[in-house]
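A.B. asks: With the hints as your guide, set chain B with the ligand onto chain A.
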Amino acid sequence: MSERFDLIVVGAGPAGLAAAIYGARARLKTLVLDEGVPGGQVKTTHKVSNYPGFPEDIKGSELAAAFARQAERFGATIARSVEITAADLGGLAAPEKRFVLDDEREVVAPAAIIATGARPRPLGVEGEARFRGAGISYCATCDGAYFEGKDIHVVGGGNSAVEESLFLTQFARSVTIVHQFAEFQAEASIAEEALRHPKIRVLWRHEPRGFHGETSLAVMRVEDLAAHAVHDLPTDGVFVFVGMAPQADLVKGLVPLNAWGYVETGEDMSTPVPGLYVAGDLRAKRFRQITTAVADGTIAALAAQKYLRDRYPSRP
Amino acid sequence: MSDHVHVIDQDRFEAEVLRSHEPVLLDFFSTECPPCEALAPKYEAVAGQFAGRARFFKIFRQGNRELAAKLGVTGSPTVLLFKDGREVGGRLSGDIKRSELRQAVEALVA
Ligand SMILES: Cc1cc2nc3c(=O)[nH]c(=O)nc-3n(C[C@H](O)[C@H](O)[C@H](O)COP(=O)(O)OP(=O)(O)OC[C@H]3O[C@@H](n4cnc5c(N)ncnc54)[C@H](O)[C@@H]3O)c2cc1C
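Protein chains in written order, with the working numbering: chain A, -15 to 300; chain B, 12 to 121.
Treat each hint with caution, since some may be false.
Within a straight-line C-alpha distance of at most 35 Å, the following computed DSBU-like cross-link-like pairs (lysine-lysine) qualify [as the list claims (entries may be wrong)]:
| hint | chain 1 | residue 1 | chain 2 | residue 2 |
| --- | --- | --- | --- | --- |
| 1 | B | K108 | A | K134 |
| 2 | A | K13 | A | K236 |
| 3 | B | K108 | A | K13 |
| 4 | B | K81 | A | K134 |
| 5 | B | K108 | A | K269 |
| 6 | A | K31 | B | K81 |
| 7 | B | K94 | A | K134 |
| 8 | A | K236 | A | K43 |
| 9 | B | K81 | A | K43 |
| 10 | B | K94 | A | K43 |
| 11 | A | K183 | A | K13 |
| 12 | B | K108 | A | K31 |
| 13 | B | K81 | A | K183 |
| 14 | A | K236 | B | K108 |
If you want a taste of the chain B side facing chain A, the calculated C-beta under 7 Å gives, among others [what the hints assert, rightly or not]:
| hint | residue |
| --- | --- |
| 15 | E48 |
| 16 | S87 |
| 17 | T89 |
| 18 | R109 |
| 19 | R113 |
Note that these hints are calculated values from the structure, not bench results.
C-beta atoms are modelled at their ideal positions from N, C-alpha and C, and glycine is treated no differently.
Pulled out of the complex, with its shape left as it was, chain A reads as follows:
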């Protein structure tokens, strides 16, 4: 027996939860699926300063929880920690969307919004997989406290890398940022704060080449890009923030992807598959922020609503 919904949203990040708020308020029976807890990338961001409506900084985990509470208040169901073990997103002839969860539960809806976002991109260098959780981390809020009084490195130079470096100074004795370019890509305000910070040093124009150690990480090998020389840096830990990789597995082969693996959609978040929408960081677009994700989610839910009304006029 499968459970029926009007709208299934995959991914409980800002895009998916905004879609759920709009879907549930339109009285669509809305289910949100997430392989983890709600919030997406926001739940592990230590503070958010640019989301309108919060004149003081808000903790990412609090903003994430608030998004989820708001969706649930209007009747959306959020299924947490579920794994989609099979999916059929329908085609032109059979528009029903079907998901099997943990090999044991089937859910079906005539419309679906895929908002699976992106996850941290690994560097792809030697030793990285081996030392994951044993010296290498992709989440400062999760693992920062392990590095109390330690000398650590952060790889990257965009907003996430610089923001999270500032956060890590509350635990670490020193934070050395390793960045491939000669200046940060981060917003000027946080870049300046980092450059002034007594605990932060920067190795400009350096790139990691490998990770080494016995049971846990001890050394990061870096290349000095200007001098074309390789050095071994002793380290207690390395945090990697070098951008994100889109999570397009569910829709691969069904919808057009751009060269970087992001999904091309219409302006209304539609795809060539009827009743299938894609919203948030997973989309091919120029700027990926919480504000742009919630905008996408809003549009996708409104478009799905119109689709359901047109296609199933007898529904409420």
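C.D. replies: Just chain B with the ligand now, with coordinates in the frame of chain A:
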């Protein structure tokens, strides 16, 4: 906590983990750790499936720093697998899928 997952402290590590007759899983978790929260129901579910064949423990990292340091654990969640008093197999860490965990336990009890 459930019937199948028990929380221990480092003073029980030797007795519960190293001297266990069955294979053991040990999950280091932290507070303010969304992937740890995400893992909890999956860990429960898999523990239920393997009841009697493997034992499932959780250990709070903040209260058990020495053991985490000794085992070289620097991230949460990290799941370690033990058999006959020794750590075996690859560790699982970060965003862990239920299927991935189940496969690791299947290999551990095989
Ligand atoms: C460290 C960091 C700091 C940031 N700081 C800011 C900031 O200050 N301000 C700002 O505006 N933006 C910030 N961003 C960017 C912002 O967080 C993202 O643009 C936004 O979260 C994208 O939302 P989303 O809903 O599209 O995707 P995501 O947030 O990536 O959420 C996707 C969700 O889908 C789930 N999922 C993925 N695949 C599956 C699957 N197969 N099955 C089930 N569930 C799945 C994931 O578990 C996740 O919960 C930051 C990002 C990072 C990494």
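A.B. asks: So, for every hint listed, does it hold in this structure?
C.D. replies: Results for each hint:
no. : hint            : in the structure
1   : B:K108 - A:K134 : holds, 31 Å
2   : A:K13 - A:K236  : holds, 26 Å
3   : B:K108 - A:K13  : holds, 27 Å
4   : B:K81 - A:K134  : holds, 16 Å
5   : B:K108 - A:K269 : holds, 29 Å
6   : A:K31 - B:K81   : holds, 32 Å
7   : B:K94 - A:K134  : holds, 32 Å
8   : A:K236 - A:K43  : holds, 34 Å
9   : B:K81 - A:K43   : holds, 32 Å
10  : B:K94 - A:K43   : violated, 41 Å
11  : A:K183 - A:K13  : violated, 51 Å
12  : B:K108 - A:K31  : holds, 27 Å
13  : B:K81 - A:K183  : holds, 27 Å
14  : A:K236 - B:K108 : holds, 20 Å
15  : E48             : holds, 5 Å
16  : S87             : holds, 6 Å
17  : T89             : holds, 4 Å
18  : R109            : holds, 5 Å
19  : R113            : violated, 10 Å
Checked against the numbered hints above, the structure breaks hints 10, 11 and 19 and satisfies the rest.
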